[in-house]
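Novice: Sequence:
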Amino acid sequence: MSQLFSSSCSEPEAEIVSAAIYPPIGVMRVGNSPNEFFIGPEVNQPIAQSPAFYRDATGALKRQAARFRVYGFDASGQVVKELTADNASIEWSARVANQKASWYEFQLALDIPEAAEADPSLLRNALVKDRSTLLIDGGANTVSGKQVDGSSTKFVGTFTGVSVYLGEMRTDDEGRLLMLGGHGKSANPEGKPAITFGNNEGWYDDTSDGPVTAKVHYGGKALPVKPAWVVCAPPDYAPMQKSVRTMWDLMRDIAVEAGQLPMPGRPSFTDDILPIFQRLTDLQWVNAGYAAGFGWNSAFDFTSEEWMKRLSDPSSTWQEARRTLAHNFRSLDTAFSTPNGQSNTQSWDPSFAAASPQLWPWLYGDAMSVSATASPRQFVSLTSLQLRALADWVNGNFIADYEPHKLPPQLLEQVPLCEQPDMLTRAAMEFCLADAFHPGCEMTWPMRTAGMYSEAFRLRHAEDTAPTHGINYGPEMTSQIALQINGPIRSGQVAGGITRWMAIPWQTDTASCRDGYNLAYDPYLPTFWPARVPNNMLNQANYAKVINESLPLPERQQAFNEREFWLDDLPIGPSTDYIAQINSMIDHFADLAVVLPQSKAGVSHFPTVMQVGMTPDKPVRLLKTKADKQEDLKALPPQQRRPDLSQTDKANRLRKR
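Just so you know, we're using this note's numbering here: the sequence shown kicks off at 1 and counts up by one.
Warning: the hint list may mix true and false statements.
As the list claims (entries may be wrong) - No more than 20 angstroms apart at the CA atoms, straight line, and that leaves these computed lysine to aspartate or glutamate pairs for DMTMM-like: (1) 154 x 15; (2) 154 x 172; (3) 221 x 15; (4) 545 x 617; (5) 146 x 111; (6) 185 x 522.
If you are wondering where the hints come from, they were derived from the structure by calculation, not from laboratory data.
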């Protein structure tokens with residue numbers, strides 16, 4: 001892995017003069033298991049886990065904990081050692097809040113030109129005069145020592161008088177901090193249903209975010225400590241998937257552009273090029289369109305041995321093939337629109353072509369709107385650094401370091417000490433999305449504002465990080481207010497300041513962000529967020545057929561190619577009722593499958609490892625059974641077995657005032 005912050009380890013005896021918390025941004029995720037949790041990724045290619053890793057014995061989803069560590073640095077900024085309860089005194093502090101209901105509506109990302117065409121971002125719950133009743137302040141907690149269980153360090157606030165648990169602090173057996181979020185509880189205290197994807201009045205959820213700090217004494221003196229941030233996000237329903245453009249890719253791009261990181265040199269095939277193509281093919285397990293276009297035995301099955309040989313070969317033999325492939329990627333930047341990466345001096349504008357859904361990746365963008373005129377931000381493009389790496393790759397100007405049998409580090413202990421801070425940073429952010437900020441899964445569009453970072457990947461804290469509500473900025477949030485120097489993004493973050501821009505509750509947006517909004521084009525493509533929120537999956541019943549070699553091959557092939565609609569595992573089963581689906585998602589988000597790798601040696605004609613939607617053993621079924629629903633809908637074509645999303649407000653954001 002290429003180094004971002006340091007090139008070598010310091011001597012073990014070097015004097016430690018400062019410390020920093022890693023990862024700079026940690027991610028915890030909600031889950032409905034009362035007590036069980038797992039620790040989120042700490043390497044960027046972790047070991048695949050069994051279904052029991054993510055669910056408890058009752059089938060409930062475990063929470064994902066964010067683990068924070070402290071590293072000591074010498075005067076030149078080199079890592080000396082990790083500081084733990086065994087060699088230092090560490091007092092952790094954190095504060096989390098949920099400001100969603102007291103903040104402003106999400107209409108469209110406010111840092112893109114199309115925001116002017118969207119409805120105004122007015123205060124949520126504008127008729128509530130006492131805005132403080134809408135703000136869920138979990139308060140501040142402090143913890144130190146080993147194996148603290150969290151019973152006395154809970155974050156609890158209120159929403160219109162209703163108690164809301166946002167999580168707790170714990171420590172592990174080395175005194176490292178463990179942050180846990182909420183249980184996925186979302187509600188309207190008045191019992192009103194949710195009616196839209198992102199701005200449901202009178203609702204709350206138990207996601208949150210806030211500062212993480214530490215007081216560290218080492219060698220008899222107090223050390224200055226760089227702080228961190230924690231974000232509580234929805235569950236990860238496809239934990240081995242990464243999107244083509246991750247949050248790490250985006251933040252790295254922002255840091256280089258802002259001068260916080262140097263411009264990368266010659267790209268590594270393994271670190272910079274391969275992930276782009278590999279992620280396209282991996283999305284076959286969460287979207288039927290990607291399965292057809294990039295999946296097993298397709299024309300662009302980039303994980304096949306034949307493709308890997310071509311992609312990793314820098315010789316001129318495959319240069320035209322590399323050029324042709326590179327032309328398939330969408331670009332909004334004229335500087336990287338030509339095969340040699342030089343500035344485009346001709347009249348062709350790549351942003352015009354960027355509005356085509358046929359360019360890669362097949363993902364909706366920030367300005368996605370079924371009713372929209374052609375916008376280059378209708379779909380996602382790669383980052384500038386990714387496009388630059390592809391331009392170098394076309395010319396064979398890359399490090400040919402592909403070793404097919406070499407395993408990457410799968411545990412943090414396998415990573416050299418001096419690379420561990422970088423790895424923790426990357427692992428936390430590579431499993432977060434930078435797809436469409438519409439509004440997003442974990443974080444949204446403010447994350448691409450350079451002014452909100454104190455250094456690469458590390459958020460700037462406000463002088464007072466206590467949460468505030470939106471009334472300070474007036475009745476409407478505008479692009480000018482949001483992005484001004486003393487505005488809510490660039491003046492430093494407060495508790496709840498990251499998640500307040502997100503949908504409320506998160507379940508309604510998760511159930512609304514799907515695939516194929518324009519059925520006249522394709523029922524599966526383009527798509528929102530399939531790496532975190534699957535659209536279509538290989539279910540357990542079909543997987544059992546695929547690996548059953550006693551069945552006729554055509555029957556196994558049919559089972560392999562059949563993808564179940566992910567939301568069909570909600571208790572209401574297949575449904576064309578959008579409002580019923582989003583409300584069912586609120587109460588039964590844990591019934592949905594987690595897509596996980598399954599392997600069976602010796603299976604012929606199919607991949608050895610397949611990713612399969614694994615559901616809990618005893619899901620609750622309401623109304624009509626899933627089987628009854630399927631019987632009712634089976635006579636309809638696939639695109640008519642689910643709601644017509646083209647008419648939802650999620651897909652129609654660009655409306656003139």
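Novice: Are the hints correct? Go through all of them and say.
Specialist: Verification of the supplied hints:
Taking the CA atoms of residue 154 and residue 15, the gap is near 36 angstroms; set against the 20 angstroms cutoff, the hint is violated. Only pairs whose Cα atoms come within 20 angstroms are accepted, and residue 154 paired with residue 172 is accepted, the gap being roughly 16 angstroms. Taking the CA atoms of residue 221 and residue 15, the gap is near 12 angstroms; set against the 20 angstroms cutoff, the hint holds. Of the pairs offered as hints, the one joining residue 545 and residue 617 holds, with about 19 angstroms between alpha carbons and a cut-off of 20 angstroms not exceeded.
Restraint check: the Cα-Cα separation between residue 146 and residue 111 comes to about 44 angstroms, which exceeds 20 angstroms; the hinted pair is violated. With a CA separation close to 35 angstroms, the supplied pair residue 185 and residue 522 exceeds the 20 angstroms bound.
Hint violations for this structure: numbers 1, 5 and 6, all remaining hints satisfied.
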